[in-house]
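J.: Position chains R and S against the provided structure of chain W, taking the given hints into account.
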Amino acid sequence: MTVLKTENLSIQFGGLMAVANLNLDVKKGELIGLIGPNGAGKTTVFNMLTGVYKPTAGRILVQDRTGQLQDISRLHPYQITALGMARTFQNIRLFKNLTVLDNVRIGNHLNVKYNSVTGIFRLPGYYREQKRIDEECRALLKIFEIEHKSDELAKNLPYGEQRKLEIVRALATKPHILLLDEPAAGMNPQETLELMDLIKYIRERFDLTIILIEHDMKLVMGICERIVVLNYGRTIACGTPAEVAHDPLVIKAYLGKELENGA
Amino acid sequence: MSKKTNTIASALIVALFLILLNLLVWFRVIGEYTSQVLTIAGINAIIALGLNLISGFTGQLALGHAGFMAVGAYTTAALLMKVNLPMALAVLGGALMSALFGFLIGLPTLRLRGDYLAIVTLGFGEIIRVLMINLPELTGGPAGLKGIPTYTTNFAWRPVIPFALVYLALTLVVVLLNNLLNSSHGAAIVSIREDEIAANAMGVNVFYYKLFAFTLSAFIGGLGGALYAPFFGYLSPNMFNFQKSVEFLIIVVLGGMGNLTGTVVAGIGLTYLQEILRFLKDYRLVIYPVILIIVMLFQPSGIMGLFGNKEFSLTRLVSKMLGEKPLGGEESSDKAGEVQ
Amino acid sequence: MAFLQQLCQQTLNGLSLGSIYALLALGYTMVYGVVKLINFAHGDILMVGAFVGYFVLKKWGITPVNLMLSFLPAMLFCMILGVLIEKVCYKPLRNQPRINALITAIGVSFFLENGARVLPFIGPNPRVFPTLPVVNYRLFGINISQVQILIFIVAIGLMLILNYIINHTKTGKAMQAVSFDKGAAALMGINVDRIISFTFALGSSLGAAAGILFASAYPQIEPYMGIMPGMKAFIAAVFGGIGSIPGAMLGGIILGVAETLTKGFLSSQLADAIAFGLLILILVVKPSGLLGKPMGEKV
Numbered sequence: 001m002t003v004l005k006t007e008n009l010s011i012q013f014g015g016l017m018a019v020a021n022l023n024l025d026v027k028k029g030e031l032i033g034l035i036g037p038n039g040a041g042k043t044t045v046f047n048m049l050t051g052v053y054k055p056t057a058g059r060i061l062v063q064d065r066t067g068q069l070q071d072i073s074r075l076h077p078y079q080i081t082a083l084g085m086a087r088t089f090q091n092i093r094l095f096k097n098l099t100v101l102d103n104v105r106i107g108n109h110l111n112v113k114y115n116s117v118t119g120i121f122r123l124p125g126y127y128r129e130q131k132r133i134d135e136e137c138r139a140l141l142k143i144f145e146i147e148h149k150s151d152e153l154a155k156n157l158p159y160g161e162q163r164k165l166e167i168v169r170a171l172a173t174k175p176h177i178l179l180l181d182e183p184a185a186g187m188n189p190q191e192t193l194e195l196m197d198l199i200k201y202i203r204e205r206f207d208l209t210i211i212l213i214e215h216d217m218k219l220v221m222g223i224c225e226r227i228v229v230l231n232y233g234r235t236i237a238c239g240t241p242a243e244v245a246h247d248p249l250v251i252k253a254y255l256g257k258e259l260e261n262g263a
Numbered sequence: 001m002s003k004k005t006n007t008i009a010s011a012l013i014v015a016l017f018l019i020l021l022n023l024l025v026w027f028r029v030i031g032e033y034t035s036q037v038l039t040i041a042g043i044n045a046i047i048a049l050g051l052n053l054i055s056g057f058t059g060q061l062a063l064g065h066a067g068f069m070a071v072g073a074y075t076t077a078a079l080l081m082k083v084n085l086p087m088a089l090a091v092l093g094g095a096l097m098s099a100l101f102g103f104l105i106g107l108p109t110l111r112l113r114g115d116y117l118a119i120v121t122l123g124f125g126e127i128i129r130v131l132m133i134n135l136p137e138l139t140g141g142p143a144g145l146k147g148i149p150t151y152t153t154n155f156a157w158r159p160v161i162p163f164a165l166v167y168l169a170l171t172l173v174v175v176l177l178n179n180l181l182n183s184s185h186g187a188a189i190v191s192i193r194e195d196e197i198a199a200n201a202m203g204v205n206v207f208y209y210k211l212f213a214f215t216l217s218a219f220i221g222g223l224g225g226a227l228y229a230p231f232f233g234y235l236s237p238n239m240f241n242f243q244k245s246v247e248f249l250i251i252v253v254l255g256g257m258g259n260l261t262g263t264v265v266a267g268i269g270l271t272y273l274q275e276i277l278r279f280l281k282d283y284r285l286v287i288y289p290v291i292l293i294i295v296m297l298f299q300p301s302g303i304m305g306l307f308g309n310k311e312f313s314l315t316r317l318v319s320k321m322l323g324e325k326p327l328g329g330e331e332s333s334d335k336a337g338e339v340q
Numbered sequence: 001m002a003f004l005q006q007l008c009q010q011t012l013n014g015l016s017l018g019s020i021y022a023l024l025a026l027g028y029t030m031v032y033g034v035v036k037l038i039n040f041a042h043g044d045i046l047m048v049g050a051f052v053g054y055f056v057l058k059k060w061g062i063t064p065v066n067l068m069l070s071f072l073p074a075m076l077f078c079m080i081l082g083v084l085i086e087k088v089c090y091k092p093l094r095n096q097p098r099i100n101a102l103i104t105a106i107g108v109s110f111f112l113e114n115g116a117r118v119l120p121f122i123g124p125n126p127r128v129f130p131t132l133p134v135v136n137y138r139l140f141g142i143n144i145s146q147v148q149i150l151i152f153i154v155a156i157g158l159m160l161i162l163n164y165i166i167n168h169t170k171t172g173k174a175m176q177a178v179s180f181d182k183g184a185a186a187l188m189g190i191n192v193d194r195i196i197s198f199t200f201a202l203g204s205s206l207g208a209a210a211g212i213l214f215a216s217a218y219p220q221i222e223p224y225m226g227i228m229p230g231m232k233a234f235i236a237a238v239f240g241g242i243g244s245i246p247g248a249m250l251g252g253i254i255l256g257v258a259e260t261l262t263k264g265f266l267s268s269q270l271a272d273a274i275a276f277g278l279l280i281l282i283l284v285v286k287p288s289g290l291l292g293k294p295m296g297e298k299v
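Chains as they are written, first to last, in this note's numbering: chain W, 1 to 263; chain R, 1 to 340; chain S, 1 to 299.
Chain W with its partners taken away, still in its complex shape (with noise of 0.2 Å):
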């Protein structure tokens, strides 16, 4: 079943096509990979898929939380998010000076039950709510193994945690799928590889379909089910992690000229 699809997605910058006729078709449940060089327009493409770009053109469809596939490409960021699409940053953006437990908060922020009157007042039903609440972030946390730290302010957390926490954070929101972009930027070979078990285990556990961004070869390859690789652009490939690494086109794009010269 396709939960997320493009349509000739392109988006363009003044005379710069920065992605041009992207079309993705992803099922329930997959892990893809989107992978390209510096430039390539990955990012981008997350920008688009969560509404803080508009595309010049095509149409990007998302299941919503009915079952029904509705074209998101006009609604706004907290829209797409509502509708069970989440994502992390690749340069880190968490609410810095507010604690861990917070920043779970605000993401769960769909799911409070209560309006600001019922806050204010803290009219009947406010503490049961703001408890439930406290407890589902909790259980997030623990299972990224950040709660000890729940009190803590995000900016004081090391950056491996700053990115689990991004990720706890956007899971809050109750996605059911998840775009993460750079997960493992910046973090060391072990911790990146009890990330990759991480990331399975959250797709088992909630249901997930993912697509990550991410220059870690090792990683990308040793998860994903499919990867799509972008360059200037433009999908060049797209297929299983054995397809992909011997297609000539991404290995051109990665290594570049020389290896046609020179081989």
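These are calculated hints, taken from the structure and not from any lab test.
Wrong hints could be hidden among the right ones.
Chain R regions said to be covered by chain S (calculated; three or more residues, Cβ under 8 Å) [claimed, not checked]:
no., segment
1, 114-126
2, 245-255
3, 279-289
4, 296-308
DEER-style ranges, computed between Cβ atoms [as the list claims (entries may be wrong)]:
no., chain 1, residue 1, chain 2, residue 2, range
5, S, S268, R, F27, 50 to 60 Å
6, S, K87, R, P149, 48 to 58 Å
7, S, P124, R, T5, 56 to 66 Å
8, S, G277, R, I276, 23 to 33 Å
9, W, T56, S, P64, 52 to 62 Å
10, S, G277, W, Y201, 52 to 62 Å
11, R, R284, S, V128, 23 to 33 Å
12, W, H76, S, P64, 55 to 65 Å
13, W, N23, S, P97, 38 to 48 Å
On the chain R side, residues computed to face chain S include the following (Cβ under 8 Å) [said to hold, decoys possible]:
no., residue
14, S55
15, L92
16, P108
17, V130
18, N134
19, P136
20, L138
21, T152
22, L292
Glycine included, each C-beta is placed from N, C-alpha and C at the ideal position.
T.: Frame of chain W, contents of chains R and S only:
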């Protein structure tokens, strides 16, 4: 269980404290002049709390809170004088009118980058002042509006009633704002200050919450003005100039942006200081901007930044004094006890 | 006929007022371009410029030549003041939340205004700026005064020089680069700090010139005189598209004409309200302004 007892104990302490203060005013231990200064201090603190909500917690600079104060004050005066509404309704009406203005200004501007709110609110403050001058039937024009019914004409009660009402309102504003900010909706508001794009990606409807915070902020600013009109009994457009808006900003900055305790302390402290420094005359006007610049350059988190930006919490204090283990949550902090 | 004549007259008056707004708006827009800060104190630079001109002309005596020469000390003084303000108050805050620098700018603005108020040789009371005897020339039934001619000559002259500096000198090109992308400009070997100082110097000197022109047209000067022109010039900058130099010129002219037409045909009290109405309108309809480019944050 003990959390509940603590909250009740804290509420009792606050109530006793307020009653004690009023008794001091009643028996003139706190003289009439001082009590008046403290009443104005309380009003300033209320308006500054409103400003802190939008500027300190939501991160959007607003420069027209004297304008909201004016809307609240003049509306209340008009409701009292033309419609003969009871006092409580007139005050509420003033605050609501101000909230309406806030909503209407916020609607076109809050979609844009934060800087524009600063300049539009600045313009709003000035336009309101010009309007007040040009609507003499309603406002008395440049000469001012005299004869606004006061809270009481009874000599013995004169200083006590406004004092009691203002500090009751201040207590309510602090408690309710604190409740809001500790709720998930409050977290959403603060997330906008921290990172608008990330907040949006987390499902926070940024525009809605900005508008909500700004309207509430205008309501609180209007409430301050509404309380002021029947206390002072006289209004003039030039009381609500840009200078006044900046005074509220100085309170917020000095107390610490995004800290309620700091705003109350700085609001009452600065107003009181202003009275002491009267002999400096115009030189005071130079000291204020210097405070603003120095705080921003060297201590941008204000005085509360020196205490780790924590809010003062009476419940925490109570539980400590009862010898219990400190409770995890920062429940119901109440700062009415900050007077002097 | 009389109506048409008055329309032309008011438009001419608007053009001269607009030229002053344009000079001031250039300072807002250039500074916003390089440091993304609304420099609230820029309107007060106009006031400082006017006072420097006042003292200079009091000493030298008012003649056409002296009036032209008085621009030099005023522009030089404000140039130094502008750079000083940037170095002391804004530079340390460059990497902090933008609201902090904005608040500091308000502080600086108040400091300049109230500082002038308490300075014994300025004080709160209005002073009369020395002016040349009024000479009106009649052209097709429209009056054009000597002051207006002066305003046009100075404003056009300064804008031409500015245009040369920005488009044809190395520093000007560096300014454009910094305005486009500070980080990349630094990587290209541009001394960003120096360019920012240069921008403040340039903007402040134009502000000072606007001050003398404004004082020549409205010869009452006092410490708060910069607030309203400053606000209108900012609106002009937003209207033209903040960050865009031709936009600031165009915006200034449009705002000046709109203001005099409002004063001439509607009501003088409404003029200020109209300026802000215009601001809200442009923010709703086209927030990037007439000639500005839409800006988005990089994610």
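J.: Does each hint fit the structure? Answer for all of them.
T.: Here is how each hint holds up against the structure:
| no. | hint | result |
| --- | --- | --- |
| 1 | 114-126 | holds (count 10) |
| 2 | 245-255 | holds (count 3) |
| 3 | 279-289 | holds (count 6) |
| 4 | 296-308 | holds (count 3) |
| 5 | S/S268 with R/F27: 50 to 60 Å | holds (55 Å) |
| 6 | S/K87 with R/P149: 48 to 58 Å | holds (54 Å) |
| 7 | S/P124 with R/T5: 56 to 66 Å | holds (58 Å) |
| 8 | S/G277 with R/I276: 23 to 33 Å | violated (42 Å) |
| 9 | W/T56 with S/P64: 52 to 62 Å | holds (57 Å) |
| 10 | S/G277 with W/Y201: 52 to 62 Å | holds (58 Å) |
| 11 | R/R284 with S/V128: 23 to 33 Å | holds (28 Å) |
| 12 | W/H76 with S/P64: 55 to 65 Å | holds (60 Å) |
| 13 | W/N23 with S/P97: 38 to 48 Å | holds (41 Å) |
| 14 | S55 | holds (7 Å) |
| 15 | L92 | violated (28 Å) |
| 16 | P108 | holds (5 Å) |
| 17 | V130 | holds (6 Å) |
| 18 | N134 | holds (6 Å) |
| 19 | P136 | violated (13 Å) |
| 20 | L138 | violated (16 Å) |
| 21 | T152 | violated (38 Å) |
| 22 | L292 | holds (3 Å) |
In this structure, the earlier hints numbered 8, 15, 19, 20 and 21 are contradicted, and the remaining ones agree with it.
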